[in-house]
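Here are the chains, one letter per residue:
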Amino acid sequence: DVKVTQSSRYLVKRTGEKVFLECVQDMDHENMFWYRQDPGLGLRLIYFSYDVKMKEKGDIPEGYSVSREKKERFSLILESASTNQTSMYLCASRASSGTQYFGPGTRLLVL
Amino acid sequence: RKEVEQDPGPFNVPEGATVAFNCTYSNSASQSFFWYRQDCRKEPKLLMSVYSSGNEDGRFTAQLNRASQYISLLIRDSKLSDSATYLCVVNPPQLVFGTGTRLLVSP
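Protein sequence lines correspond, in order, to chains A and B. One gets this note's numbering by counting positions in the first sequence from 1 and adding 42 to each. One gets this note's numbering by counting positions in the second sequence from 1 and adding 2 to each.
The following block holds chain B by itself, in its conformation from the complex (with noise of 0.2 angstroms):
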C-alpha cells in the first residue's frame, strides 16, 4: 500500500460547483497533514495545513479523520483560477506527498 494515496482525477467541474478531494495515508503515528496546490510548471505552493479539528480558509475546508486515516480538502464556488494540481501531503517521518489530484474547472 502507498503511503499517501490519492484518485489522480481529473475531476472536471463548472464554475460554482462544490468539489472534494480525499486522500488516505498508511502511517497512523502521522502528525502533520497538509494541502499543496500545483499549478501546470509550477512548483507545489501550501495551500493549507489540516487541524485536528477541521479548519477553514475562504471557500476551501479541509479536514482529518485519524479513524480512517483520511483527510479531505473542500472547495466551494469553484473558480476558474481554482485549477490546478492538488498534493496531499503527511508528515512524518519526513513529508510524504500525494501524486497528486487535477482540477479543471471550466466556464
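Next comes chain A alone, as it looks inside the complex (with noise of 0.2 angstroms):
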C-alpha cells in the first residue's frame, strides 16, 4: 500500500524562525513535490525533486528551499518563516504512472 508520510500534522511557528517540514514515502518514487494550498488557490507547486540531490523550482519557491538526501526523503526549510507562509504544506511523490500520492498535509501557521 501505498504511504507518504509527512512530519507534523500542525505546526505554529513564529515569525523569524527556521522551519523544517519532512516527507517521507515508501514507494521508491523518484518524483517528490512539495505544495501549498490555499483557499481559492488551489495547490501550488514550491519545489520539486527528481532525483536525489536533485530539486527544481516550482511556480512559488520564494522564502522556501528544499533538501533531497536520500530518495525517500524530502525535506521543505522555511529560512525564516513570515506569517505569509501560514498554510497547508502537501507534499506527494510520483509513480510512472504519473499518478501522484499526497502525505496527510501539514498546517503551518505563522504567528
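Fair warning: there could be bad hints in the mix.
Once the Cα atoms are required to be at most 30 angstroms apart in a straight line, the calculated BS3-like pairs of lysine-lysine come out as [said to hold, decoys possible]:
1. A/K97 to B/K81
2. A/K99 to B/K81
3. A/K95 to B/K81
4. B/K4 to A/K112
5. A/K112 to B/K44
6. B/K4 to A/K97
7. A/K45 to B/K44
8. A/K97 to B/K44
9. A/K60 to B/K81
10. A/K55 to B/K81
11. A/K55 to B/K47
12. A/K99 to B/K47
13. A/K45 to A/K113
14. B/K47 to B/K81
Honestly, the hints are just simulated from the structure, not real lab data.
Need the complex rebuilt from these two chains, each delivered in its own frame; the hints are there to steer you.
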C-alpha cells in the first residue's frame, strides 16, 4: 500500500523562525513534490525533485528551500518564517504512471 | 488565462441526482488528465485518470475533449459520501491542479 508521511500535522511557529517540514515515501518513487494549498488559490507547486540531490523550482519558490539527501525523504525548509507562509503544506510523490500520492498535509501557522 | 480553470461551486444536489463538472485547460500540449477528490481537511486522492476515449468507473464517468480543451466528470446517483471537492489535474509539464469544485450532496 502506498504511503507518504509528513512529520507534523500541525505546527505553530513565530515569525523569523527556521522551519523544517519532512516528507517520507516508501514507494521508491524518484519524483517528489512540495505544494502549498490556500483557499481560492488551489495547490501551488513550491519545489520538486527528480532524484537524490536534485531540485527544481516550482511556481512559488521564494522564501523556501528544499533538501533531498535520500530518495525516500524530501524536506521543505522555511529559512525565516513569515506570516504569509501560513498555509497547508502537502508533500507528494509520483509513480511512473503519473499518479501523485499525497501525504496528509501539515497545517502551519506563523504568528 | 489560468492553466486550469474550474467552477468553484458549490454544487448543491439531492441524493440520487446526476451532476457534472467541467474543467478547461490552456496548454494544448497537455497529455495526461486526472480527477482527484479532496475531503475537508484531508489530502487529495486520485479519483480517476481521464483517457482520450472517455472512461467509466462505477457511477463516475470522465471525458476528454481535446478540440475544446476541457475534461468533464459526471457523477450519477449521487451519494452523501460524494460530498467533497473535486480537483481537475493536467500534465505536462508538471501536474497543474485546478482550484477545485465543491460538491454538497444533501439527503
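Hint-by-hint comparison with the structure:
Distance hint between A/K97 and B/K81 is unfulfilled; the C-alpha atoms sit about 42 angstroms from each other, more than 30 angstroms. At roughly 40 angstroms between alpha-carbon atoms, A/K99 and B/K81 are farther apart than 30 angstroms, so this suggested pair is violated. Between the alpha carbons of A/K95 and B/K81 the distance comes to roughly 45 angstroms, so the proposed pair goes past 30 angstroms and is violated. Taken as a hint, the B/K4 and A/K112 pair is broken in the structure, with Cα atoms around 35 angstroms apart against an allowance of 30 angstroms.
Distance restraint check for A/K112 and B/K44: the Cα-Cα separation of roughly 26 angstroms lies within the 30 angstroms cut-off, and the hinted pair is therefore satisfied. Between B/K4 and A/K97, the direct Cα distance comes to roughly 25 angstroms. Compliance with the 30 angstroms bound is thereby established for this hinted pair. For a cut-off of 30 angstroms, the pair hint linking A/K45 to B/K44 stands: about 14 angstroms separates their Cα positions. The straight-line distance between the Cα atoms of A/K97 and B/K44 is roughly 26 angstroms, inside the 30 angstroms bound, and the hint therefore holds.
About 44 angstroms separates the Cα atoms of A/K60 and B/K81, which puts this hinted pair outside 30 angstroms; it is violated. As the CA atoms of A/K55 and B/K81 are separated by approximately 40 angstroms, the hinted pair breaks the 30 angstroms bound. At roughly 28 angstroms between alpha-carbon atoms, A/K55 and B/K47 fall within 30 angstroms of each other, so this suggested pair holds. At most 30 angstroms may separate the alpha-carbon atoms for a hinted pair to count; A/K99 and B/K47 meet this at roughly 24 angstroms.
Between A/K45 and A/K113 the alpha-carbon distance is near 14 angstroms, which keeps this suggested pair within the 30 angstroms criterion. For the hint linking B/K47 to B/K81, the alpha-carbon distance of about 18 angstroms falls within 30 angstroms, and the restraint holds.
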